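Kindly generate the complete structure, drawing on both the sequences and the hints.
Top to bottom, those sequences are chains C and G. Using the working numbering, the first residue of the first sequence is number 1, and each one after it goes up by one. Using the working numbering, the first residue of the second sequence is number 1, and each one after it goes up by one.
In case anyone wonders, no lab produced these hints; they're calculated from the structure. Please read all numbers here as calculations on a predicted model, not as lab measurements. It is possible that some hints are incorrect.
Claimed, not checked - Okay, derived cross-link-like pairs now, DSS-like style, lysine-lysine, Cα gap no bigger than 27 Å in a straight line:
#  : chain 1 : residue 1 : chain 2 : residue 2
1  : C       : Lys-167   : C       : Lys-202
2  : G       : Lys-202   : G       : Lys-170
3  : C       : Lys-270   : G       : Lys-14
4  : G       : Lys-121   : G       : Lys-167
5  : G       : Lys-18    : C       : Lys-270
6  : G       : Lys-202   : G       : Lys-167
7  : G       : Lys-170   : G       : Lys-198
8  : G       : Lys-118   : G       : Lys-202
9  : G       : Lys-270   : C       : Lys-14
10 : G       : Lys-171   : G       : Lys-198
11 : G       : Lys-270   : C       : Lys-18
12 : C       : Lys-118   : C       : Lys-171
Said to hold, decoys possible - Selected chain C positions facing chain G (Cβ under 8 Å, derived; list incomplete):
#  : residue
13 : Asn-5
14 : Glu-11
15 : Val-26
16 : Asp-31
17 : Arg-93
18 : Glu-155
19 : Leu-257
By construction, the Cβ of each residue, glycine as well, lies at the ideal position given by its N, Cα and C atoms.
2 protein chains.
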Amino acid sequence: METTNRARIAELQKLLRKTGLDSLLVTSPSDRYYLTGFTGEAGVLLVEPRGLTLVTDGRFAVQAHQEARRLPVVLQSDGLYRTCGLVEGLRARKDGDELARMRKSAILASEVVESSIKLLKSGVSELEVAAEIEYQMRRRGASGPAFETIVAFGERAALPHARPTAKRLKKGELVVLDLGAILENYCSDLTRTVFFGKAPAKIRLWYGAVREAQAAAVACVAAGRTCGEVDAAARTVLAAHRLDQYFVHSTGHGLGLQVHEDPRLAKGQKTQLASGNVVTIEPGVYVAGVGGIRIEDDVAVHPGGREVLTSASRDFIEL
Amino acid sequence: METTNRARIAELQKLLRKTGLDSLLVTSPSDRYYLTGFTGEAGVLLVEPRGLTLVTDGRFAVQAHQEARRLPVVLQSDGLYRTCGLVEGLRARKDGDELARMRKSAILASEVVESSIKLLKSGVSELEVAAEIEYQMRRRGASGPAFETIVAFGERAALPHARPTAKRLKKGELVVLDLGAILENYCSDLTRTVFFGKAPAKIRLWYGAVREAQAAAVACVAAGRTCGEVDAAARTVLAAHRLDQYFVHSTGHGLGLQVHEDPRLAKGQKTQLASGNVVTIEPGVYVAGVGGIRIEDDVAVHPGGREVLTSASRDFIEL
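Structure below.
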């Protein structure tokens, strides 16, 4: 560091002693540069009455040494590596109280999806159905939706994450409803697909394949199984129906205080499921120009078994 | 805290001891809730191998006590109050090295504004002039503009913070150029207003009034004067011309590593100027439907005097 930097730090330390502060964590890049001369993009400076430490990461180690010689530098990479996922790991295994809340949240979502299917009439818009779904959640005690509710009609159902629009429902269209509630701080996540009208044979076949794939993946959920095995269970069924190329996302994800948590159920994932995990199982097929079909449930892993928390019917519904 | 929270914290502390970490600062709201039950919007949790502290602010003190009984809580308000402005206060008084850099940055901006006035021709767009200004800064060694360059033609000059558009210059329009460079990490900030064509008498009168107001405020800059007095010096001159209602912002601001720093030169401000301060002096008048006129210079406060760092001519220019 330059003499001017040293003088500025000395003056600041004098102020700390005068005000009786133990330390000051300087997070402003301008303040950090002013005090040390270090111009790196990442880093915080810990100023103590008789101490000084720059915390930055490996990308800036050489630069910190060059720009601020004799400034003590701690690299956060080591600490970061060791802290990453520490609390997330604990959160992935739900205890009895958490499972009780998640059960209630899943049942609430199941009731709401069943009631919202009754709203599907010619001319209703995606936005109207989404608004009604979120209203029904709140009426049943949810603090709000766990994510922006998906309501997709017809060709729009081919978008796995369609945002509701002013599009109005007409005969002969698929309807995907993907919704979740936050109840007592815990999330649910549920998808059902129905057909508005009399479905063509191809749609019935696709629905049957997705339902079979979803059931196979649910049956695969058990402590000790890897996440990749659960994902493969769904994919194998769809491949037998020559539909695996239309399954464009992973099979599921952990669920809890947040809607996406560990573990992730994706291709090749070696992480083993453990009792206390709660995961979604949500395979789907998406065909541009036609629509999409997805069935999603929330499943808890128990010692020696599993529990499907969501209860809405998975039968193919034609309205 | 509930028994479950205590158990989770104990497990996390065991992990900390195992990994040899001194402490973990939990910033995720979900993690914080999971570990303590506290649902407040603000707060971080410091977990140590044998310690636990929630840091939050006064708004959540009662809630933290209710939701997480016996959790040690530290309110940051006291610390915040004492740390606020500590480094900013030091930064407001520039030393010799900083003043040398600010002088260079101000001269660079002065050269650029003078060269950019030569670009003003019928049909040139605001965006073209802004692009050329920023290119000229870089060519002269600046690391970049200190803020998004303002180029405003005609009626658009009535917007003090106009962003450059595709609008093309035509005869009979005011042109406001407000630009600043970052040179060796220090900012300049400079505004000049010219007229494209032969100016009507009213515009000449207004320009004369703004120039007189700016000179009065610059002359008022001295160690010991309050920021409010400097602001009043500009306002008094404009009031004598019955133009004070068109001066819609404050007279200036501190300048240094950032383009807006302490002190602020606004109405009624009691802060006293001190030697080492560098401030902008930038009164203006803005008339909707007609345009605006602003003149801005950077001024350093010296013991027993002042130094205007920016050098571009303030004479009224008709092109």
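Now for the hints, and whether the structure bears them out:
1. Lys-167/C to Lys-202/C: holds, 24 Å
2. Lys-202/G to Lys-170/G: Holds - the C-alpha atoms of Lys-170/G and Lys-202/G are around 19 Å apart, at most 27 Å.
3. Lys-270/C to Lys-14/G: With Cα atoms ~26 Å apart, Lys-270/C and Lys-14/G stay inside 27 Å; holds.
4. Lys-121/G to Lys-167/G: Answer holds: Lys-121/G to Lys-167/G is near 13 Å, not above 27 Å.
5. Lys-18/G to Lys-270/C: holds, 24 Å
6. Lys-202/G to Lys-167/G: holds, 24 Å
7. Lys-170/G to Lys-198/G: holds, 12 Å
8. Lys-118/G to Lys-202/G: holds, 24 Å
9. Lys-270/G to Lys-14/C: It holds: about 26 Å lies between the C-alpha atoms, which stays within 27 Å.
10. Lys-171/G to Lys-198/G: Distance ~8 Å between Lys-171/G and Lys-198/G Cα, so the pair holds.
11. Lys-270/G to Lys-18/C: Distance ~24 Å between Lys-270/G and Lys-18/C Cα, so the pair holds.
12. Lys-118/C to Lys-171/C: Roughly 15 Å between the alpha carbons, so the hint for Lys-118/C and Lys-171/C holds.
13. Asn-5: At about 10 Å, which exceeds the 8 Å cut-off, the nearest Cβ of chain G leaves the hint on Asn-5/C violated.
14. Glu-11: holds, 6 Å
15. Val-26: holds, 6 Å
16. Asp-31: holds, 4 Å
17. Arg-93: For Arg-93/C, the interface hint is violated, since the closest Cβ of chain G sits about 10 Å away, which is over 8 Å.
18. Glu-155: violated, 36 Å
19. Leu-257: Because about 4 Å separates Leu-257/C from the closest Cβ in chain G, which is inside the 8 Å limit, the hint holds.
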